[in-house]
Amino acid sequence: MPDPKATLNQRILSALETASNGLDRRQLSRVLKIRPAQKFEFKAALVALLGAGEIEKNHRRRYQKAGKLPPVTVVEFHQRDEDGELLARPRDKHGSPPNIRLASGNAASGPNSVGIGDVALVRLEPTDDGYVARIIRKLDNSEQGPMLGLIAKGQGGWRIESISRKNKSAFVLRREDGNLVSEGDLIRFQPNPGRRDGVRQAKLVEQIGSIHQPKAASLLALAENGIKEGFTPEEEAQADAATEPGLTGREDLRKLPLITIDPDDARDFDDAVHAHADTDPANAGGWVVWVAIADVAAFVPPGSPLDIGAQRRGNSIYLPDRVVPMLPEALSANLCSLRPNEDRACLAVRIILDASGHMRSHKFTRGLMRSHARLTYEQAQSAIDGKPDEQTRPLLEPYLQPLWAAWAALQAARDKREPLEIETIERRIRIGENGEILSITAKQRLDAHRLIEAFMVQANVCAAETLEQKQQPLIYRVHEVPEQAKIHGLAEFLRSVGLKWAKGERPTPGRFNQLLRKVAGTDMMQMVNQIVLRSQMRAIYDTRNVGHFGLALDRYAHFTSPIRRYADLTVHRALIRACGLGTDGATDQEQVALKGIAEQITATERAAMAAERDAMSRYVAAHLSEQVQASFSARISGVTRFGLFLTLDETGADGLVPIRSLGNEYFHHDEHAHALIGRDSGGRYRLGMAVKVRLLEANAATGGLIFEMLSQPEPGPRPKRSGGGPRQHGPNHRGKGRPKSFKRRKK
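Residue numbering for the sequence shown follows our numbering, beginning at 1 and increasing consecutively.
Please note that the accuracy of each hint is not assured.
[As the list claims (entries may be wrong)] Quick list of in silico lysine-lysine cross-link-like pairs, PhoX-like style, CA-CA up to 25 Å:
#1 Lys57 / Lys443
#2 Lys39 / Lys138
#3 Lys363 / Lys255
#4 Lys203 / Lys228
#5 Lys720 / Lys692
#6 Lys503 / Lys486
#7 Lys215 / Lys153
#8 Lys33 / Lys43
#9 Lys500 / Lys486
#10 Lys43 / Lys65
#11 Lys503 / Lys518
#12 Lys39 / Lys57
#13 Lys33 / Lys65
#14 Lys39 / Lys65
#15 Lys518 / Lys416
#16 Lys215 / Lys57
#17 Lys363 / Lys215
#18 Lys57 / Lys43
#19 Lys518 / Lys500
#20 Lys387 / Lys443
#21 Lys228 / Lys215
#22 Lys203 / Lys153
#23 Lys500 / Lys720
[Said to hold, decoys possible] So the derived label-pair ranges between C-beta atoms look like this:
#24 Pro394 / Val628: 32 to 38 Å
#25 Glu468 / Gln712: 56 to 62 Å
#26 Lys153 / Lys692: 37 to 43 Å
#27 Ala284 / Arg417: 43 to 49 Å
#28 Ala237 / Lys692: 54 to 60 Å
#29 Lys363 / Arg312: 16 to 22 Å
#30 Lys203 / Asp523: 51 to 57 Å
#31 Arg417 / Gly682: 42 to 48 Å
#32 Gln484 / Lys153: 51 to 57 Å
#33 Arg312 / Arg417: 35 to 41 Å
#34 Ala284 / Lys363: 17 to 23 Å
These aren't lab readings, by the way, just hints derived from the structure by calculation.
The structure displayed is predicted, hence computed values, not measured ones.
Glycine included, C-beta positions come from ideal geometry on N, C-alpha and C.
Given these sequences and hints, build the entire structure.
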């Protein structure tokens with residue numbers, strides 16, 4: 001006999017599926033023919049579905065299915081895809097936004113023409129992967145919400161220069177705010193109706209800082225992505241009052257020689273590891289691995305000020321000059337940091353591996369630990385490579401060598417699983433006291449990094465398996481199989497460069513790796529790596545498990561970083577409840593809200609990534625601003641209808657070569673070949689191509705870099721004419737030499 005509540009939930013969802021504008025409670029009750037005796041059950045079902053994030057209320061206070069947008073809504077155009085198409089997001093919707101693409105040819109010119117940063121009222125048409133938007137009316141800036149700007153002197157008042165690449169409009173500050181600002185101030189402003197001397201007016205909303213102060217790049221990146229630093233007095237007070245919980249209800253792990261291995265500049269240490277050979281005769285050659293994680297749940301009860309703030313932030317943010325922590329430093333850098341030779345509460349998992357690296361069993365426990373050493377990745381690696389220092393020499397044989405041996409077993413199992421192996425280069429920026437860049441270096445990828453990563457992945461798998469076995473609701477980290485449309489695009493591209501991907505072939509991590517191995521060490525390596533990366537879906541948080549494609553895992557959850565990720569804190573609480581490890585585990589209220597939490601922290605993660613990327617772009621632009629007219633080696637990292645995106649070899653900086661600066665030949669965009677192709681010569685600039693470019697403009701305020709192409713296009717067959725019409729895919733664009741807005745500096 002089916003659960004009547006489950007049936008009612010399904011009926012509610014089914015009714016809302018077909019209600020394009022939503023239904024209020026009375027209308028929904030009428031549609032479902034709810035009897036008086038069912039009213040309480042009906043109300044409870046609505047509350048549960050709201051809490052679980054399955055349904056939501058729209059602007060008319062009507063119920064609708066979560067994620068479903070009304071047919072007419074306000075959107076902001078926030079980015080372009082790799083083909084130059086405008087993408088939008090709903091203005092007033094939180095969580096993971098659906099895909100919204102501007103209809104082809106819609107509002108390309110005229111009063112309703114839109115670009116990045118514009119806001120418009122649109123009509124939405126559902127598609128298989130989201131929506132297509134058709135412009136009804138472009139909204140005036142006064143309807144668009146606060147913007148970022150830089151105060152500069154103007155004739156008869158203060159001028160506001162937009163510092164967002166999303167909007168280049170000019171404004172003047174209204175006179176009544178003139179005494180509140182100084183030249184060089186960074187502000188958030190609200191466009192107002194009306195003009196002064198032909199320029200739109202704006203009012204001051206918030207002062208952010210000064211462009212002249214050190215490290216302004218990070219202030220701008222945080223402000224642009226809606227991220228605020230600091231904590232409420234209630235959060236600070238709760239963190240300051242926290243004390244170490246002691247041994248009661250915990251296993252004493254203080255004699256277990258756990259150690260931490262982290263970056264040299266790390267301030268919080270949330271994971272410690274240990275391994276030793278298994279003495280069980282039934283597991284000859286096997287290993288016992290311990291992974292201990294800071295017990296953040298002991299200090300952050302559900303519903304407390306710290307919990308509310310941590311959930312709102314979602315994660316810590318790491319910028320070149322600062323960390324914006326999810327939790328106050330009294331916790332993140334003290335009580336929840338596994339500092340050496342100090343007692344710390346932990347949630348630990350004991351994992352038994354066989355000689356082949358396969359997991360035989362695992363068990364979670366709540367403990368009190370004491371880290372026996374704090375090592376850096378470089379220290380641990382040097383010791384294993386035969387160059388121990390004073391600290392690592394006595395640790396090498398008893399601690400480090402068993403860790404490496406256990407990792408070797410894990411690696412053997414990993415190689416059989418064959419997760420996705422995309423080669424990417426991460427860069428690290430070191431900032432001086434005055435905000436100057438001291439160095440930009442490629443991050444070294446050591447075996448020590450791989451070891452810790454492998455142990456963390458294994459612990460995360462243990463968490464997901466335990467919670468599934470105990471039927472405990474949880475937030476998974478999921479990575480879906482690539483969409484068929486993306487695989488089709490990949491296959492088209494591969495055919496254009498002489499590589500094969502069979503029609504209808506099912507994508508697997510192993511198949512991608514086979515492709516990447518084939519081009520390793522060739523000129524196509526960078527290009528194919530980028531195309532494979534772009535064909536992947538984004539990893540997200542979800543209560544629905546679809547596995548993790550990239551890691552080739554059936555189930556996966558984040559458990560190992562609760563200091564800096566709220567997702568991990570929810571998993572800790574779920575484990576405490578499921579394993580009977582205390583009374584401060586997941587509450588009933590939190591369990592029904594997990595879907596909404598998953599959407600929210602997916603969104604905050606994306607905002608954090610955008611802030612980190614924006615800060616790096618601004619710092620690098622400031623660094624390069626003294627090298628205008630210098631030439632650089634680069635690779636083409638993106639091809640669009642309006643130009644070529646580049647990544648500089650030395651610094652990893654990203655910039656643009658506008659299509660109009662490519663010379664006097666017409667170029668068209670071949671989206672399948674990811675190339676701009678000359679109409680007459682057939683010469684092409686393609687994705688992954690190594691080129692030389694000259695820097696024309698570096699804007700430290702926006703992080704924008706504009707380049708001029710110095711390299712000639714690669715030779716290629718002349719495009720075939722088709723009745724005198726446009727050639728192949730995409731429109732033609734004529735190069736016009738150097739853009740008019742760029743002025744060559746005198747030498």
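Hints not upheld, ascending by number: 1, 2, 5, 16, 17, 24, 27, 29
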